[in-house]
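Asker: Whenever a hint applies, use it, and build me the whole structure from the sequences.
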Amino acid sequence: MPPQVPQPNKPNNFYFFYGHRKPSQNRPTVRGGLFSNRQTLTPSSTPKPKLKPKPFNIKDWDPHFLSNPSPRSSPPSPTLRLSPIARFIVDAFRKNDNKWCPNVVAELKKLRRVTPNLVAEVLKVQTNHTLASKFFHWANNQKGFHHNFASYNALAYCLNRSHQFRAADQLPELMDSHGRPPSEKQFEILIRMHSDANRGLRVYYVYDKMRNKFGVKPRVFLYNRVMDALFKTGHLDLGLSVYDDFKEDGLVEESVTFMLLVKGLCKGGRIDEMLEVLGRMRERLCKPDVFAYTALVRILVRAGDLDACLRVWEEMKRDGVVVDPKAYATMIVGLAKGGRVQEGYELFKEMKSKGFLVDRMIYGKLVEAFVAGGKVGLAFDLLKDFVSSGYTADLEIYNCLIEGLCNLKKLQKAYKLFQVTIGEGLEPDFLTVKPLLVAYAEANRMEEFCKLLEKMQKLGFPVLADLSKFFSVLVEKNGPIMAVEAFAHLKEKGHVSVEIYNILTDSLYKIGEVKKALSLFDEMKSMEPDSITYSIVIQCLVDLGEIQEACVCHNKIIEMSCIPSVAAYRSLAKGLCKIGEIDEAMMLVRDCLGSVSDGPMEFKYSLTIIHACKSNDAEKVIGVLNEMMEQGCSLDNVIYSAIISGMSKHGTIEEARKVFSNLRERNYLTESDTIVYEELLIDHMKRKTADLVLLSLKFFGLESKLKAKGSKLLPG
598 MPPQVPQPNK
608 PNNFYFFYGH
618 RKPSQNRPTV
628 RGGLFSNRQT
638 LTPSSTPKPK
648 LKPKPFNIKD
658 WDPHFLSNPS
668 PRSSPPSPTL
678 RLSPIARFIV
688 DAFRKNDNKW
698 CPNVVAELKK
708 LRRVTPNLVA
718 EVLKVQTNHT
728 LASKFFHWAN
738 NQKGFHHNFA
748 SYNALAYCLN
758 RSHQFRAADQ
768 LPELMDSHGR
778 PPSEKQFEIL
788 IRMHSDANRG
798 LRVYYVYDKM
808 RNKFGVKPRV
818 FLYNRVMDAL
828 FKTGHLDLGL
838 SVYDDFKEDG
848 LVEESVTFML
858 LVKGLCKGGR
868 IDEMLEVLGR
878 MRERLCKPDV
888 FAYTALVRIL
898 VRAGDLDACL
908 RVWEEMKRDG
918 VVVDPKAYAT
928 MIVGLAKGGR
938 VQEGYELFKE
948 MKSKGFLVDR
958 MIYGKLVEAF
968 VAGGKVGLAF
978 DLLKDFVSSG
988 YTADLEIYNC
998 LIEGLCNLKK
1008 LQKAYKLFQV
1018 TIGEGLEPDF
1028 LTVKPLLVAY
1038 AEANRMEEFC
1048 KLLEKMQKLG
1058 FPVLADLSKF
1068 FSVLVEKNGP
1078 IMAVEAFAHL
1088 KEKGHVSVEI
1098 YNILTDSLYK
1108 IGEVKKALSL
1118 FDEMKSMEPD
1128 SITYSIVIQC
1138 LVDLGEIQEA
1148 CVCHNKIIEM
1158 SCIPSVAAYR
1168 SLAKGLCKIG
1178 EIDEAMMLVR
1188 DCLGSVSDGP
1198 MEFKYSLTII
1208 HACKSNDAEK
1218 VIGVLNEMME
1228 QGCSLDNVIY
1238 SAIISGMSKH
1248 GTIEEARKVF
1258 SNLRERNYLT
1268 ESDTIVYEEL
1278 LIDHMKRKTA
1288 DLVLLSLKFF
1298 GLESKLKAKG
1308 SKLLPG
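The opening position of the sequence shown corresponds to residue 598 in our numbering, with each subsequent residue numbered one higher.
Mixed in with the good hints, there may be bad ones.
[As the list claims (entries may be wrong)] Under the rule of at most 30 Å between Cα atoms (straight-line distance), these lysine-lysine pairs were calculated in the DSSO-like manner:
id: 1; residue 1: K740; residue 2: K829
id: 2; residue 1: K1074; residue 2: K1153
id: 3; residue 1: K1153; residue 2: K1066
id: 4; residue 1: K1090; residue 2: K1122
id: 5; residue 1: K1153; residue 2: K1211
id: 6; residue 1: K884; residue 2: K949
id: 7; residue 1: K1201; residue 2: K1211
id: 8; residue 1: K1175; residue 2: K1107
id: 9; residue 1: K814; residue 2: K844
id: 10; residue 1: K1074; residue 2: K972
id: 11; residue 1: K1074; residue 2: K1052
Derived by calculation from the structure, the hints in this document are not laboratory data.
Answerer: If you want it as structure tokens, here you go:
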């Protein structure tokens, strides 16, 4: 038999189980196991060009350099964590605009049953207290339904979120009416809510209800929370009464209990009782540690009771507590601020002898206190110690030392220290140069004053703005006369501004130098005065009796689209009333109340009086006047003019005279003033009557006929 020729091998069919077929996008290739290592082809894409790495820049990583930091992602909505049924209920509320209505009830009835846990889940995300309460009561009306503690607690949290904490406080009664007496946990929730919101009296209300109405005795931690809330909100006596209940219940104090009592008594200034509690704490439990004592010292420093601070300090030493740097810093800074810098300095030396690192703030406060006490030499000794300790003096310390030298009239040394400040690379501000400027002005050393201004200009100071601040300080310290004399030298150098003129003009007006104030105003007319300038000038002109000129200034302010000051409104209104221009004064009153946010009280009562005059009843007007005087407002000519204006428009002369007679009998008006105001009333009434007659003639077309007949009484 001839040998068989070997047939060529058939190519393998690459099916799923034979091997790997050619992969495509829609037919993945399987490698390894039957359903593992699946690979698919991605659509062909052009290769991305390789980007060159950018050089490292710290500004790209430091958050301080980021101009537009990416906003934080908002937390996920609490409704996303709800169960499907709870989400269905919430959606039913949302579809009906979060209002309880028959449509909501119809949606809820689609559910087979709403369980107490489901009620709690829905209430946890509710913010509408009305809807939450309706849903809570609807669930309770289901057959055989009873709320559990979780649903009651959820309702309490919901009411508190909506600021309905008074309604939340009634939940214990609601639970009791449902046959489920509240436990300590429910009261703890209410107490914690009020405590976090600093509602101390509400905390006590819930505590009293818990203990006396429902007979639930708090545990030690809850007593501590109640006392802490009461002490923090300043209800010391109530807190101590709670402590009496604590002892009556036979509970034993913890260290937290003692420290709460000690802090509360410190805040209330009852130091002897505080020391007694500390003694009991030592006997029964333990000695307070350094952190407790530091907290006590901090509380007493804030209260300004430095004697008590020192007593606590002695107690701390008696207990053998090792004082840490924080306690030293608290005590030294408190003594320095309280004017007892020498005792603070002794503690400072004690702190250094123990090898503690003295903080920069301690040096600064001691330097400030020594300068305030006139002990500039000791302040400089501290500065040397400060620098030798490795610190660099900051601008605040230099400012303080410059002020101290200026107070001692050592101006040359103060200027040298100012130059040292610049040499050390610090940027001086107005507080640095203010003492020097004031001292030069007081000593009338105006050449050095101007040299300092030139130096300030070179350093980039806003000279005119700083001069305005300087003149405010100088006027407050030495009065306007010295300020005006200093300003006379500066005018020659061109250092003038509208703001400086305003400060000086106002200060001169306040001391009664009205003519000098107006002379300054005449100097500045070429500088375009502002509304503040005209407001001051209005007051000056009214005092001189030049009411027409004052009205011109008022009109200029209105032309500038500005509003006069309240003082200018009051002054001009009184001036108009004084010359009998009552209608114009009342228009000004209305304009003031319509333009400023908080107008004068007498202006508000003026309109109230005019409104009361509409009844034509003197008793009602007198009632408004009595109310006004009870509020502490005095009666002035604006009020009397309001009575005249109101009675002329809406009342009679007889009723107005009754009001003035009543004020005369009660000695609010002299007899001469009563006569003057009655004459004003008659003149104003005549003027109003004449105006009405003219209007009537114009209305009926009789004015032209009377003029045609030769009448000369009518205005042309």
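Asker: Hints first: check each against the structure and report whether it holds.
Answerer: Results for each hint:
no.: 1; hint: K740 / K829; verdict: 47 Å, violated
no.: 2; hint: K1074 / K1153; verdict: 33 Å, violated
no.: 3; hint: K1153 / K1066; verdict: 27 Å, holds
no.: 4; hint: K1090 / K1122; verdict: 19 Å, holds
no.: 5; hint: K1153 / K1211; verdict: 35 Å, violated
no.: 6; hint: K884 / K949; verdict: 26 Å, holds
no.: 7; hint: K1201 / K1211; verdict: 16 Å, holds
no.: 8; hint: K1175 / K1107; verdict: 21 Å, holds
no.: 9; hint: K814 / K844; verdict: 12 Å, holds
no.: 10; hint: K1074 / K972; verdict: 22 Å, holds
no.: 11; hint: K1074 / K1052; verdict: 25 Å, holds
Hints 1, 2 and 5 from the list above are not met by this structure, while the remaining hints are.
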